[in-house]
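Visitor: Below are the chains, spelled out letter by letter.
Protein chains: 2
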Amino acid sequence: MLCTAFNAVGFNWLASPAVTELEMVVMDWFAQMLKLPKSFMFSDTGGGVIQGTTSEAILCTLIAARDRALECIGVDNIGKLVVYGSDQTHSTYTKACKLAGIVPSNIRSVPTKIDNFFTLSPELLKKTIEADVADGLVPLYVCATVGTTSTTAVDPVEAIASVAKDYGIWVHVDAAYGGSACICPEFRHYLNGVEQIDSLSLSPHKWLLSYLDCCCLWVKNPGLLVKALSTNPEYLKNKASESQSVVDYKDWQVGTGRRFKALRLWLIFRSYGVANLQSHIRSDVRMAKMFEGFIKLDPRFEIVVPRRFSLVCFRLNPGWSDLQKVERLNRKLLEWLNSTGRVYMTHTIVGGVYMLRFAVGATLTEERHVIAAWKLIREGTDLLLKEENVFCCER
Amino acid sequence: MLCTAFNAVGFNWLASPAVTELEMVVMDWFAQMLKLPKSFMFSDTGGGVIQGTTSEAILCTLIAARDRALECIGVDNIGKLVVYGSDQTHSTYTKACKLAGIVPSNIRSVPTKIDNFFTLSPELLKKTIEADVADGLVPLYVCATVGTTSTTAVDPVEAIASVAKDYGIWVHVDAAYGGSACICPEFRHYLNGVEQIDSLSLSPHKWLLSYLDCCCLWVKNPGLLVKALSTNPEYLKNKASESQSVVDYKDWQVGTGRRFKALRLWLIFRSYGVANLQSHIRSDVRMAKMFEGFIKLDPRFEIVVPRRFSLVCFRLNPGWSDLQKVERLNRKLLEWLNSTGRVYMTHTIVGGVYMLRFAVGATLTEERHVIAAWKLIREGTDLLLKEENVFCCER
Numbered sequence: 000m001l002c003t004a005f006n007a008v009g010f011n012w013l014a015s016p017a018v019t020e021l022e023m024v025v026m027d028w029f030a031q032m033l034k035l036p037k038s039f040m041f042s043d044t045g046g047g048v049i050q051g052t053t054s055e056a057i058l059c060t061l062i063a064a065r066d067r068a069l070e071c072i073g074v075d076n077i078g079k080l081v082v083y084g085s086d087q088t089h090s091t092y093t094k095a096c097k098l099a100g101i102v103p104s105n106i107r108s109v110p111t112k113i114d115n116f117f118t119l120s121p122e123l124l125k126k127t128i129e130a131d132v133a134d135g136l137v138p139l140y141v142c143a144t145v146g147t148t149s150t151t152a153v154d155p156v157e158a159i160a161s162v163a164k165d166y167g168i169w170v171h172v173d174a175a176y177g178g179s180a181c182i183c184p185e186f187r188h189y190l191n192g193v194e195q196i197d198s199l200s201l202s203p204h205k206w207l208l209s210y211l212d213c214c215c216l217w218v219k220n221p222g223l224l225v226k227a228l229s230t231n232p233e234y235l236k237n238k239a240s241e242s243q244s245v246v247d248y249k250d251w252q253v254g255t256g257r258r259f260k261a262l263r264l265w266l267i268f269r270s271y272g273v274a275n276l277q278s279h280i281r282s283d284v285r286m287a288k289m290f291e292g293f294i295k296l297d298p299r300f301e302i303v304v305p306r307r308f309s310l311v312c313f314r315l316n317p318g319w320s321d322l323q324k325v326e327r328l329n330r331k332l333l334e335w336l337n338s339t340g341r342v343y344m345t346h347t348i349v350g351g352v353y354m355l356r357f358a359v360g361a362t363l364t365e366e367r368h369v370i371a372a373w374k375l376i377r378e379g380t381d382l383l384l385k386e387e388n389v390f391c392c393e394r
Numbered sequence: 000m001l002c003t004a005f006n007a008v009g010f011n012w013l014a015s016p017a018v019t020e021l022e023m024v025v026m027d028w029f030a031q032m033l034k035l036p037k038s039f040m041f042s043d044t045g046g047g048v049i050q051g052t053t054s055e056a057i058l059c060t061l062i063a064a065r066d067r068a069l070e071c072i073g074v075d076n077i078g079k080l081v082v083y084g085s086d087q088t089h090s091t092y093t094k095a096c097k098l099a100g101i102v103p104s105n106i107r108s109v110p111t112k113i114d115n116f117f118t119l120s121p122e123l124l125k126k127t128i129e130a131d132v133a134d135g136l137v138p139l140y141v142c143a144t145v146g147t148t149s150t151t152a153v154d155p156v157e158a159i160a161s162v163a164k165d166y167g168i169w170v171h172v173d174a175a176y177g178g179s180a181c182i183c184p185e186f187r188h189y190l191n192g193v194e195q196i197d198s199l200s201l202s203p204h205k206w207l208l209s210y211l212d213c214c215c216l217w218v219k220n221p222g223l224l225v226k227a228l229s230t231n232p233e234y235l236k237n238k239a240s241e242s243q244s245v246v247d248y249k250d251w252q253v254g255t256g257r258r259f260k261a262l263r264l265w266l267i268f269r270s271y272g273v274a275n276l277q278s279h280i281r282s283d284v285r286m287a288k289m290f291e292g293f294i295k296l297d298p299r300f301e302i303v304v305p306r307r308f309s310l311v312c313f314r315l316n317p318g319w320s321d322l323q324k325v326e327r328l329n330r331k332l333l334e335w336l337n338s339t340g341r342v343y344m345t346h347t348i349v350g351g352v353y354m355l356r357f358a359v360g361a362t363l364t365e366e367r368h369v370i371a372a373w374k375l376i377r378e379g380t381d382l383l384l385k386e387e388n389v390f391c392c393e394r
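Those sequence lines, one after another, are chains A and B.
The first sequence lines up with residues 0 to 394 when you count with numbering that gives the first Met the number 0.
The second sequence lines up with residues 0 to 394 when you count with numbering that gives the first Met the number 0.
A couple of the hints might just be wrong.
Same chains, same label: a pair holds when it works inside one copy or across any pair of copies.
Dumping the calculated DSS-like pairs for lysine-lysine here, alpha-carbon to alpha-carbon at most 27 Å [stated by the list, open to error]: (1) Lys226 with Lys79; (2) Lys164 with Lys79; (3) Lys226 with Lys97; (4) Lys385 with Lys238; (5) Lys125 with Lys164; (6) Lys125 with Lys112; (7) Lys226 with Lys324; (8) Lys112 with Lys164; (9) Lys238 with Lys324; (10) Lys97 with Lys126; (11) Lys97 with Lys79; (12) Lys238 with Lys331; (13) Lys324 with Lys236; (14) Lys295 with Lys374; (15) Lys331 with Lys236; (16) Lys164 with Lys226; (17) Lys125 with Lys226; (18) Lys236 with Lys112; (19) Lys236 with Lys97.
Bear in mind the hints are in silico, worked out from the structure with no lab data behind them.
Put together the whole structure using the sequences plus the hints.
Guide: Quick look at the structure:
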């Protein structure tokens with residue numbers, strides 16, 4: 000609310016030095032909390048910036064990578080650039096690539112499998128890249144995800160970065176949701192290999208007690224971002240900017256105007272402290288684990304993919320062999336659950352499997368809510384299965 | 000503040016019907032206040048959306064125009080697309096064009112002259128387009144401005160649209176600042192010709208009592224926007240979206256997540272009412288006029304370009320013929336004024352002329368502040384001219 004009321008317009012340092020400098024401070028603090036390598040911090044040669052959403056973070060870094068590549072191969076060859084992700088990469092990735100002028104047919108969506116829990120396979124990525132290179136195309140950018148939207152799968156960052164290195168590909172890690180957990184030592188390993196990547200984005204508005212829109216982006220080489228995104232109109236010229244001793248965040252983002260978003264993170268970090276933020280993450284994970292336990296104890300249900308964070312992907316399957324019938328049953332269950340107005344769940348389909356998504360994440364969620372949700376799910380299940388039986392008998 | 004606290008994530012209608020539906024209502028209200036043609040309203044076949052900043056509004060419409068064109072000429076011909084603006088178009092326009100993959104050498108910046116008050120000349124635009132067509136290039140998009148950043152110049156929308164029509168060029172009007180004044184009948188003529196354009200953006204955070212970031216964008220053909228920007232991941236699929244009877248605003252913008260921004264405009268419109276908003280605009284203009292009067296009465300000063308809204312562009316010129324000396328004097332004056340901490344002004348250089356910019360626009364500005372600023376300007380001027388004389392005599 001403070002951030003809204005200030006209405007500071009910190010497009011460049013001069014317009015509001017505090018807006019810029021506090022952002023630099025909190026982004027370095029946050030990098031320390033995540034144990035990111037120094038190379039992503041202002042205290043070294045990197046730096047961070049608060050974007051609106053992951054879409055913007057990806058778009059900005061993609062443009063930086065694109066312009067670096069076009070400088071070598073010429074702007075006329077934009078049609079040769081190829082970008083990579085998995086079929087689980089967020090839908091906004093494809094959109095950002097299209098926005099940046101990447102030819103749609105050059106946006107590779109590497110298929111994932113349930114065997115490796117819907118993560119991007121480095122081997123398959125390598126094969127795809129090799130085929131493109133053989134075709135005379137230019138590999139540009141790969142987006143790895145720590146906590147995919149559908150099932151919170153975690154791509155193997157280190158192995159992907161190793162593959163990409165050989166081709167000079169820009170590696171971005173989208174840790175919008177899962178990244179927040181990495182402030183806890185027991186989850187930090189999901190970011191292993193981060194020292195080899197070019198950029199990382201993480202949205203505290205998803206799981207770190209911030210409000211929309213707050214997406215943190217760190218880059219190793221801010222110079223590339225600034226080169227691709229800078230503007231220099233006369234009315235914004237000033238001694239501080241010209242001395243190159245300050246950061247003008249307008250050159251790190253799509254738009255010009257920007258709010259005092261750092262204030263939010265500053266308040267969150269200062270008022271909770273790292274230990275309390277870790278507790279918040281652990282408490283959500285504990286509740287998700289509890290729910291997972293309930294599911295595992297009821298033989299009518301199954302966990303479709305292993306739980307990583309605080310999302311449980313499950314389905315009702317009373318041992319039926321007709322999988323279309325199973326899907327219909329789960330669709331009915333979801334509709335029934337949401338129609339009660341007492342819970343709200345969503346679904347996804349991954350690897351052809353329709354599943355329900357139980358997400359713990361709202362600030363006020365307590366164990367009793369999880370227990371109530373589980374009771375409701377059983378109630379709905381009993382009802383639906385009874386109907387099915389009646390229907391079967393009638394038939 | 001309410002908007003912040005809600006943390007509604009209205010990416011699609013289902014996620015929060017109120018977020019979407021209130022936005023549709025206020026955008027139609029606002030269109031009515033501006034006397035926009037029906038074709039820009041949801042009540043007809045158009046519609047509006049709240050973006051973050053003008054940069055995003057331009058980027059989204061540019062992508063819609065680009066993809067429509069590429070469908071005809073093929074994606075490999077992206078290098079042939081040409082976009083147009085004047086040398087006074089906002090710097091973010093060039094940036095948005097680069098983001099969208101327009102080849103930098105195809106971004107035309109038509110030069111303006113002081114003779115026509117730094118507005119985009121339709122004749123020159125036509126000549127530029129004709130030359131491009133003769134070169135086998137494809138004219139794509141033109142951005143006209145109602146209230147340029149440097150001097151609040153107003154491009155002739157109607158004449159520009161007439162030129163563009165013959166080539167099927169998408170016409171966007173950036174009325175970020177000047178557009179707000181058009182809710183007053185005496186300023187509405189600046190939007191004449193709007194019925195011929197494709198899209199219009201206006202940022203109430205500049206001059207209509209809203210906070211950052213709030214940029215209103217209206218389009219005549221939302222289908223083109225949706226076609227270029229839609230995503231359709233499984234986890235967001237729902238009956239309402241599939242029935243195509245609702246608006247999913249995620250397909251009208253760069254990112255996926257979005258806040259309850261409509262609430263701000265709703266509160267502004269409902270709590271002030273049109274008449275009070277008009278008074279607010281008129282009061283700022285009256286104060287700027289008063290300042291303009293002060294300048295005109297002091298022979299040491301000159302108004303460089305005619306005032307259109309609430310910005311006065313002036314310079315100190317004690318009849319010196321050495322224009323570099325005049326520029327140095329004005330630079331010194333600006334530095335002195337801002338160093339007092341009692342006012343804050345900026346400068347610009349247009350048509351080679353260095354000028355100071357006196358902007359009335361802060362909510363709490365009253366006549367007495369304008370009078371105090373003018374006194375301060377005279378104080379600085381007296382001081383500087385005295386120094387100059389001493390310096391001259393010493394020499």
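Visitor: The structure should be examined with respect to each hint, and the outcome stated for every one.
Guide: The hints, checked one at a time:
Taking identical chains as interchangeable, the C-alpha atoms of Lys226 and Lys79 lie at most 27 Å apart whether they share a chain (22 Å) or sit on different chains (24 Å). When the C-alpha separation of Lys164 and Lys79 is checked against a cutoff of 27 Å, the pair qualifies only within one copy, where the shortest distance is 19 Å, while the shortest distance between copies is 33 Å. Within a single copy, Lys226 and Lys97 get their C-alpha atoms as close as 21 Å, and across copies as close as 12 Å, so both meet the 27 Å cut-off. Taking the shortest alpha-carbon separations for Lys385 and Lys238, only the inter-copy value of 26 Å comes in at or below 27 Å, while the best intra-copy value is 76 Å.
Taking the closest pair of Cα atoms, Lys125 and Lys164 come within 27 Å of each other only inside a single copy of the chain (11 Å); across copies the shortest separation is 48 Å, beyond that limit. Proximity of Lys125 to Lys112 under the C-alpha cut-off of 27 Å is restricted to the intra-copy arrangement: shortest distance 16 Å within a copy versus 55 Å between copies. Within a single copy, Lys226 and Lys324 get their C-alpha atoms no closer than 55 Å, and across copies no closer than 34 Å, so neither meets the 27 Å cut-off. Only within a single protomer do Lys112 and Lys164 lie at most 27 Å apart by alpha-carbon distance; the minimum there is 24 Å, versus 51 Å between protomers.
For the identical chains of this complex, Lys238 and Lys324 are inter-copy neighbours only, at 20 Å across copies versus 69 Å inside a copy, given an alpha-carbon limit of 27 Å. Only within a single protomer do Lys97 and Lys126 lie at most 27 Å apart by alpha-carbon distance; the minimum there is 23 Å, versus 31 Å between protomers. For a Cα distance limit of 27 Å, the shortest separation of Lys97 from Lys79 qualifies both inside one copy, at 14 Å, and across copies, at 17 Å. Only between protomers do Lys238 and Lys331 lie at most 27 Å apart by alpha-carbon distance; the minimum there is 13 Å, versus 64 Å within a single protomer.
Proximity of Lys324 and Lys236 under a CA criterion of 27 Å is satisfied inter-copy only: 20 Å between copies versus 66 Å inside one chain copy. Taking the closest pair of Cα atoms, Lys295 and Lys374 come within 27 Å of each other only inside a single copy of the chain (14 Å); across copies the shortest separation is 78 Å, beyond that limit. Only between protomers do Lys331 and Lys236 lie at most 27 Å apart by alpha-carbon distance; the minimum there is 15 Å, versus 61 Å within a single protomer. In this assembly of identical chains, the alpha carbons of Lys164 and Lys226 lie at most 27 Å apart only when taken from the same copy (22 Å versus 35 Å across copies).
With identical chains, the CA atoms of Lys125 and Lys226 are never at most 27 Å apart, being 30 Å at best within one copy and 32 Å at best between copies. Taking the shortest Cα distances, Lys236 and Lys112 sit within 27 Å of each other only across copies (22 Å), while inside one copy they are farther apart (53 Å). Within a single copy, Lys236 and Lys97 get their C-alpha atoms only as close as 33 Å, which misses the 27 Å cut-off; across copies the closest is 21 Å, which meets it.
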